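K.L.:
Fit chain C to the supplied structure of chain L, relying on the hints for placement.
The primary structure of each chain is shown beneath.
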Amino acid sequence: MKFFYNCVRSLFAIAENTIRDAVRQRFFSAVLILALLLVVSGLFFQEFDFGASELKFIADFGFGTVLFFGSILTIVATTQVYFGEFDSRAVMTVLAKPMHRSVFMAGKFLGMSLIVFHSHPTGCGETPFRAGLKKGGRRRIPTKESAV
Amino acid sequence: MKRSKSDLVDRVKPEDSVATTLTPAIETHGLRKDYVLGLRSVRVRALDNLTLTVMPNQVFGLLGPNGSGKSTSLKIILGLIHPTSGSARIFGRPSTHPEARRKVGFLPESPSFYPFLTGWEMVRFFARLSGVRSNELDERTERAISEVGLLDAAGRRLGLYSKGMLQRIGLAQALVHDPDLLILDEPMAGVDPFGTEAFIRIIQELKSRGKTVLLCTHMLSQAEQICDEIAILHLGRLVLEGSMANILRNFDRRSLVVGSINDKGLKAVRDLLSSLDVELHSVDFPPLGLEAIFRREVIKLDSDSA
Numbered sequence: 001m002k003f004f005y006n007c008v009r010s011l012f013a014i015a016e017n018t019i020r021d022a023v024r025q026r027f028f029s030a031v032l033i034l035a036l037l038l039v040v041s042g043l044f045f046q047e048f049d050f051g052a053s054e055l056k057f058i059a060d061f062g063f064g065t066v067l068f069f070g071s072i073l074t075i076v077a078t079t080q081v082y083f084g085e086f087d088s089r090a091v092m093t094v095l096a097k098p099m100h101r102s103v104f105m106a107g108k109f110l111g112m113s114l115i116v117f118h119s120h121p122t123g124c125g126e127t128p129f130r131a132g133l134k135k136g137g138r139r140r141i142p143t144k145e146s147a148v
Numbered sequence: 149m150k151r152s153k154s155d156l157v158d159r160v161k162p163e164d165s166v167a168t169t170l171t172p173a174i175e176t177h178g179l180r181k182d183y184v185l186g187l188r189s190v191r192v193r194a195l196d197n198l199t200l201t202v203m204p205n206q207v208f209g210l211l212g213p214n215g216s217g218k219s220t221s222l223k224i225i226l227g228l229i230h231p232t233s234g235s236a237r238i239f240g241r242p243s244t245h246p247e248a249r250r251k252v253g254f255l256p257e258s259p260s261f262y263p264f265l266t267g268w269e270m271v272r273f274f275a276r277l278s279g280v281r282s283n284e285l286d287e288r289t290e291r292a293i294s295e296v297g298l299l300d301a302a303g304r305r306l307g308l309y310s311k312g313m314l315q316r317i318g319l320a321q322a323l324v325h326d327p328d329l330l331i332l333d334e335p336m337a338g339v340d341p342f343g344t345e346a347f348i349r350i351i352q353e354l355k356s357r358g359k360t361v362l363l364c365t366h367m368l369s370q371a372e373q374i375c376d377e378i379a380i381l382h383l384g385r386l387v388l389e390g391s392m393a394n395i396l397r398n399f400d401r402r403s404l405v406v407g408s409i410n411d412k413g414l415k416a417v418r419d420l421l422s423s424l425d426v427e428l429h430s431v432d433f434p435p436l437g438l439e440a441i442f443r444r445e446v447i448k449l450d451s452d453s454a
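If you read the sequences in order, they're chains L and C. Under this note's numbering, the first residue of the first sequence carries the number 1, and numbering increases by one thereafter. Under this note's numbering, the first residue of the second sequence carries the number 149, and numbering increases by one thereafter.
So here's chain C without its partners, still in its complex pose:
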């Protein structure tokens, strides 16, 4: 049975969405990618009719299980592979055109660089490829490496770097030419909590500087923390897209927070809801959060002493 696109895609649009005339940072239309395998030419569809729009100054999360087509989407967006059908544009230019990638930084999944180069040489090499002027090469290289906290290890060969260090130096090469769009494929995989925190800080800082970030990740808690918009892919299809705030809202349920209530009052509420044919799912004490408790206790002590 063939399902229409509207059946497959559950789009959650932000309530306060405003029509904008800005050129999207990334725009894909009906992307489809078929891989032909083996001598019998078996076709495997990695991506099926993907239409996405990433607006400037957004942190956009592309989420999905393994084999859902996330990396294929990124490769098409970067012009590394050609789609079977459909098109992708970066800041309004076809992604297959090299100049479209002038202001794009890319960190691939499990980055593999030249093991015989030092961290400094590698970042400098990518700065040259990105078009950084000769007289700015050293300054930009130093700034990018120091931004990821690897200045001490910059003179060491990449073959001696740990996985987390490779991820960080990979981020440095993506940042070295100060790109407007940063595409990160599983950037926090294999990175320790401090490294993860640093990555999140850098992404938030980039957003505050007006940059756009397309983040492809499995780490949902981190995505929840930093993404403005997300799209969930499964089996090459877009199954959910929208702003994080709206997606996290559960429209099937509502919570009522009341003041202190005794058992008698609670029973009356239950009876009332039951008479309205509304199911009461849970009754608990809402958590305050450590910050709220801290503030409450400090304010209480201040008022007591006053």
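Extracted from the complex, chain L is given alone in its bound form:
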């Protein structure tokens, strides 16, 4: 039981460390800020008429940005997650601690998964929120009735 408890503790410690290590990298912050700026900038492009409704444009623009930058983050942040550790030899000190290698691998995976899943809902949540604001605001989406 104690061994299982220690494994879980190590798993979360590694996951937490992975998140902290990733979010403090300048590239990560830069991509995240750029993505958020682009999502927000959808507001300024709403006057463009692409033959679709305003709400649809905001949703498409927001989700497209989230998908694009989410993919970049996923690829960049995860490709180096294991090899970076081996290259820098930081892994030696970690694996010399009382834990299985599988716990280390699982911890890194959990940390990276949380980063990726977190970055997506942040953007994904923000877009409907903004769309909701617009819907309740001054400019309403033209419905069939109002158009008539």
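There are no misleading hints in this set.
Cβ pair distances, simulated, as ranges:
#1 L/Ile-75 x C/Leu-308: 25 to 31 Å
#2 C/Pro-213 x L/Phe-4: 43 to 49 Å
#3 C/Glu-287 x L/Asp-60: 49 to 55 Å
#4 L/His-118 x C/Arg-349: 41 to 47 Å
These are computed hints drawn from the structure, not numbers from a lab. Since the model is a prediction, treat every value here as computed from it, not as a measurement. Where is the CB? At the ideal position from N, CA and C, for every residue including glycine.
P.N.:
Just chain C now, with coordinates in the frame of chain L:
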């Protein structure tokens, strides 16, 4: 020509060695490690039949030139790599079992840690991995960092640390869970004289607290100063093992220290030795040492004034 193990290993056993029933801190039996290189699968033997025993409360020095297999031995002992054959045990448990490393602290050669973490966060992270209880984490972290004298720089990111500071913070993470066995791989490489002195002081303090230290180093003068036992590796083979006191004794020569002797007396001694077919290697004045001179002068002044 194949040489037997007895040809290769010159074992110097301590004269006063006593059979002990204590479980060895580290025990290796016939460790062999072959690395397979390239597409042609060329085998390079990094370690050849290494059998070592490190008893508790010893400072054991693993010495040898580059490529002699020191770091490979440490990695096998820590369960980081698997031996081609042979076995290693830590406090009686197979080193491949994670629980065997519960009471082990390790400082790797040229340690590389997460540059985006601060010194405090890094030591705290390793304390968590070592199983330190949550309510003791901060206290243990502070104690370990203060022990290596880096409390002022604990809030700084590791990317901004100098090489010597990295070595010291590396030692802090190795000490944070109060291990019974400390394995240090070239701990004093790149450390200034003050840092080296601090390392030696910490190792001596650990020994006085009953801890065991396995030290892998090139710095022979420091090893001579702190090690109780040493083993010298070369080309993956153990060439010499034993207590420092016995190894430093030169059994091929003897020194006679005599009182004041004039040239005539010296010539007579030479003739006598020559008639006994004994070669006289050197005649000099043995150094007293600064401490002995200091004591002599102070005592002389005291007796004069009395």
